[in-house]
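S.K.: Please take these sequences and the hints and turn them into a complete structure.
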Amino acid sequence: MENMSELYSDIILEHNQCQENKHTLPTCTLEERGHNPSCGDDITLQADIEDGMIKDAAYTGHGCAISQASADIMIDLIKGKSVEEALRLVDLFLEMIKREVTDDDALEDLEDAIALKNISNMPARVKCAVLAWHTLKDAIEKGRNK
Amino acid sequence: MLNVRKDFPILTKVHNGHPLVYLDNAATTQKPYQVIHAIVDLLEHHNGNPHRGAHILSVEASVAYDEAREAVCRFINAAHTEEVIFVRNATEGMNLITRSYAETHLKKGDKIVIPISEHHANLVTWQRVCRVTGAELVYMYLDETGHFTEDDFAKIDGKTKIVSFAGISNVLGMKVPAKKLIEKAHAVGAVAIYDGAQSVPHMKVDVQDLDCDFMVFSGHKMMGSAGTGVIYGKRDLLNDMEPFLLGGDMIEYVQEQTTTFNVLPFKFEAGTENVEGAVALHAAIDYLNTLGWDAIEAHEHELVVRALAGMKNVPHLHIIGSTDPDEKTGVIAFTLDGVHPHDVATILDSYGIAIRSGHHCAQPFGAHIHAEASNRISFYIYNTVDEVDYFIEKLKLVRKQMGYAD
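Chains R and U, in that order, are what the protein sequence lines are. The numbering used here applies: residue 56 is where the first sequence begins, and numbers increase by one. The numbering used here applies: residue 37 is where the second sequence begins, and numbers increase by one.
Simulated from the structure, these hints should not be mistaken for laboratory data. It cannot be assumed that every hint is accurate.
Said to hold, decoys possible - With the C-beta cut set under 10 Å, the calculated list includes, among others, these residues of chain R facing chain U:
#, residue
1, Y63
2, E69
3, N71
4, D97
5, R180
6, C183
Glycine included, C-beta positions come from ideal geometry on N, C-alpha and C.
M.R.: The structure is reproduced here in structure tokens:
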């Protein structure tokens, strides 16, 4: 990516600075730690799920602007949605990063997360962008297998 | 200043419209034509399986391999060529020492003493030794600017069997008091291990003068190719150790149920040797010898002085360890308030500047100093003052790129 303002766009910088979703939940039914061992991004994701609906979600941890913004965007997106819908959105996000879905209309449901579309041009940063999403998917799948 | 850039083809690379400024030399170094041509010459004219055949190519490969060992022996001033063992890298060297020496010589109640700033190769390996033997891993925590304290030295006590440390930390970039550590170790009957990964490429390391019992380093951090490193060990210790890997040329006699092993150094070199790696290391040593340590150290010192002076004027920047250029070698780790190191590295990369970001394979130290991740620049003989100035100029733009006023 030639232009850094494309990567560190206003949307990404705002979500990186935003602290609204960065805290622990008083009660949660799901908790999962996600970690990129090679670079040190490390987040813990929590969600409070009732009757298949994500009532609340939050994260704590540390990492680069891309990993933190991506976690914040994802939490904004999944809060108040059903677990099934959240999983659909996670898969859609991962497909966008892998360039399996490129059409903007098809990606519309991802809202602000579309700002991370071009990260696929930066192999060194892809794992930062997908950390929170993989963590959520793992958490939900583990919860189901319990 | 040295003038060697013409020897390094990769330094003409242009990235994102900017000339490459390579400041990640503590991770790996670039290769001069002299090294590249040595590898090509071996593969075009002398490639055979060494020490195994009667034909001309096996003989020529054997000669090239043996000459490389002799060059390493002179380079580190080992007393005997068989004290030089080729391995893949310093990390494999530490694995060999911990498995073949420490796991069979240590027991419950023994102590292993290392600085907190160590690379995982000199840390995770000891955790396993402790798990297997019941020995205890004890850390020297250093002071706030990376110096050893009297408390640290006092940890080397009568129960200590191993003292293991990097000659230069890959995060702090400071030379450790190696001779003092080795003397303290020997005074209590412990074995002293010197990790030379960051020092051997940059300064004269004389194993007899140090009197270390083992030393390891990697060829690729001193212009050699990846996949060839070295262990030096005192002959009596090496003879008293079990082989690390089995098979190939490391045998003496093999019967159906038992095997006796070859003599040093072959006992520790199982399988077909990496001859091109040894030849590359030999060429790199020749290259360093031609330049001379005085010129190399003076060159790197000038870059460090320039970098530290410039970095002092970058707002919100914090250097890890000492900021005294007389204490620092060409490895400078730092943090920038409010910007994660990966973002710093990505933004600098867009200007063609390659730096390291992350935990530098020293996670316990990052946790100890509350800097889980940091940035690191590191120099080698081909870096220039102009590159340092360009790096400082672009570093000042990083926080602005991330939405800060200064």
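S.K.: What hint numbers does the structure not satisfy?
M.R.: none
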